[in-house]
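All chains should be modelled from the sequences, with the hints used to inform the complete structure.
Each chain, letter by letter, is given below.
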Amino acid sequence: MSQTSSEAPGALRVTGKARFGDAFFRIIAYSAGLSVLVVLGLMIGTTTRDALPVFEYQGLWSFFTSDEWRAGFSRTEFTGEYGAFSFIYGTLVTSLLAVVIAVPFAIAISLYINRIAPKRLAKPLAYTVELLAAVPSVVFGLWGLLYFGPTYVRPVMELLNSTLAPIPLVGILFEGPIFTTSYFTAGVVLAIMILPIITAITREVTAQVAEDQVQAAYGMGATDWEVMRKVILRGAFPGIVGGTMLGLGRALGETIAVAMLVGGSQRWGLSLFFGGDSMAGHIANTFQDAAPETVLALIAIGVGLFVITVIVNVAARALVWRIGRVAGDAAL
Amino acid sequence: MSETSSQTRRAPEAATPRIEVADRDRSTDVTTTVRQSTVPSAITEAVFEAKDVSVFYGGTPAVRNIDLKVPKGEITALIGPSGCGKSTMLRTFNRMNDLIPGCTLEGSITYHGEDIYADDIDPAEVRRRIGMVFQKPNPFGISIYDNVAFGPRLHGMKANLDDRVEQALRGAALWDEVKDKLGQPGVALSGGQQQRLCIARAIALEPDVILMDEPASALDPIATLAIEDLMRQLRGQYSIVVVTHNMQQAARVSDRTAFFSVDMEQGVRVGELVEYDLTEKVFTAASDPRTEAYITGRFG
Ligand SMILES: Nc1ncnc2c1ncn2[C@@H]1O[C@H](COP(=O)(O)OP(=O)(O)O)[C@@H](O)[C@H]1O
Ligand SMILES: [Mg+2]
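Chains A and B, in that order, are what the protein sequence lines are.
First residue of the first sequence? That's 0 in numbering that gives the first Met the number 0, and the numbers climb one at a time after it.
First residue of the second sequence? That's 0 in numbering that gives the first Met the number 0, and the numbers climb one at a time after it.
Hint data in this document are derived by calculation from the structure and do not stem from the laboratory.
Any given hint could turn out to be false.
Straight-line distance between alpha carbons at most 27 Å, and here's what the computed DSS-like set of lysine-lysine pairs gives [as the list claims (entries may be wrong)]: (1) 50/B to 68/B; (2) 135/B to 280/B; (3) 157/B to 229/A; (4) 178/B to 229/A; (5) 178/B to 157/B; (6) 157/B to 68/B; (7) 71/B to 50/B; (8) 122/A to 229/A; (9) 280/B to 229/A; (10) 71/B to 280/B; (11) 229/A to 180/B; (12) 118/A to 229/A.
Right, here's the structure in full:
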């Protein structure tokens, strides 16, 4: 060290060129970061400004819990009823259904690709799943509406209805009548749409479980299935929860496919086979013909959706962090 | 690899500190580095018998025509230069090679007289009865207790689980160090403790054989001695097959030593068993010049 500096005095000093480059880059990076904040701030600011009068008129509590939605037609004042519960319920129930269906598939597909499939099959399969993410959601919507829903989902709904409806309590979820476009249909198609993201993350985290622990379990006489369950899935659990939450976030915000498949009735029902509505779906379906006061009400739904998504994301992060900490403690 | 380092590694007489061999059944002053043989040279009861075993990775042979009888209750060391197929051979005994795609075996291996590569054999059952300890300590990211209880739980041996865990930890000479922190993560232990935890985890399943693949190579010298000490304690109740690249270790702990070497065969390096005898004999009066060359450090 000392040798270098005595040989070449001043060689360690910052030259003007380096200093300028650094500063230039710092400003670019800084403004890029800032612009995101500005855009987000503007969006939150303007939508909330427009939504506030609706919350005031309807009452915040009532907006979220009342299921009376009657669009008004005034340009100057509020005349309608704006209880968004039906849409909130639809959003939550379709998204949860999507996650409940997608997660087991994502786990099974990940394990198959990572550990079971022969190499020449694993790669194409992985690509195929990723390709699903490239399909535009309007295509999913059309396909679900014209083909997948009536031919495949409908018989499944009928089967579930005839087998599960008589069961006390949970039976409510499977009661008739059955609508071809329903929470269930939207949920199933949503599940296909969020499958790639959950699978990608699950594959990643299951692949990261240390191979030497896998070997240890095999060495104790564990079967393939036991190794997957007790070592790989256990080790990958925090990551799988994280992936699930990302998928849930995506499902909550999905608009067009759900708008086409959920039913569009502006009502809600406990049965999964009910044709209801979702927050994003309702905005998309009614926005074009809405009078000024209703536009504001639709913006209020948008704000509500944003709030719910933020809550889910924060909860997800907290959950992953907590689990990660427990797992991390164990890994220290 | 530098000449000097391989020299010191391969010259036990020169490099080894004179270590007290904790040979409990001998009262004589044993400060020599080579374990005196306490067993007859003939093998009366074998746990494993490999007959004409060759192992291939994707068709390329790794070891060729191995005949090896592993005696019951003793410590058998597999030594030889890197890549000569020690690990490969070790893994044939509990069918761990089955997990490597493209790995095939010819010949036969019997375990207490039963062919473990027969069609109706369940490899998971084989591995359950034959414990394995790996080069790098690999406890699970769960508590010490759960690590040891993992195998018993896996196989429904849930009666008196606490006792079983305690016995296994005592057996692995770890109980006194961890008895107050069984709920803490196994990976929080030191490297040597982790390896003893892995040994405890293996013996919790009451195997009669423990296979060890360079169990101390990732450990510091003191932890290494603790593992060697433990191996000698386990000897008798368990048959142990240990792979080591450390010849001093083979000399210190094992009853018998199998020396593997690499041979060129049509341009492919193939491992073969050169010499297999009582450790004392292999180290003091090897019958094959290659063995002697390797042991005295003249081997390439
Ligand atoms: N999983 C594997 N796939 C392909 N070749 C392997 C694999 N494991 C070992 N080999 C080859 O088999 C030979 C013996 O390896 P190994 O049994 O690990 O030797 P050692 O333990 O004596 O160092 C080596 O040539 C090695 O390259
Ligand atoms: Mg090896």
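We went through each hint and held it up to the structure:
Proximity of residue 50/B to residue 68/B is assessed by CA-CA distance (about 9 Å); at most 27 Å being required, the pair is judged to hold. For the given pair, residue 135/B sits about 30 Å from residue 280/B by alpha-carbon distance, which is inconsistent with the 27 Å threshold. The suggested pairing of residue 157/B with residue 229/A holds, with an alpha-carbon distance near 16 Å, which does not exceed 27 Å. Annotation: proposed proximity of residue 178/B to residue 229/A holds, straight-line Cα distance about 25 Å (limit 27 Å).
For the proposed pair residue 178/B and residue 157/B, the alpha carbon gap of about 20 Å is at most 27 Å, so the pair holds. Among the hinted pairs, residue 157/B with residue 68/B is inconsistent with the structure: their alpha-carbon atoms are about 35 Å apart, more than 27 Å. Using a Cα cut-off of 27 Å, the hinted pair residue 71/B and residue 50/B holds, with the two alpha carbons roughly 17 Å apart. Restraint check: the Cα-Cα separation between residue 122/A and residue 229/A comes to about 25 Å, which is no more than 27 Å; the hinted pair holds.
Between residue 280/B and residue 229/A the alpha-carbon distance is near 46 Å, which puts this suggested pair outside the 27 Å criterion. The hinted pair formed by residue 71/B and residue 280/B meets the criterion: a straight-line CA distance of about 19 Å does not exceed 27 Å. Distance hint between residue 229/A and residue 180/B is fulfilled; the C-alpha atoms sit about 23 Å from each other, no more than 27 Å. Distance check on the hinted pair: residue 118/A and residue 229/A sit about 24 Å apart at the alpha-carbon level, within 27 Å; holds.
Consistency with the previously given hints fails for numbers 2, 6, 9, ordered from lowest to highest.
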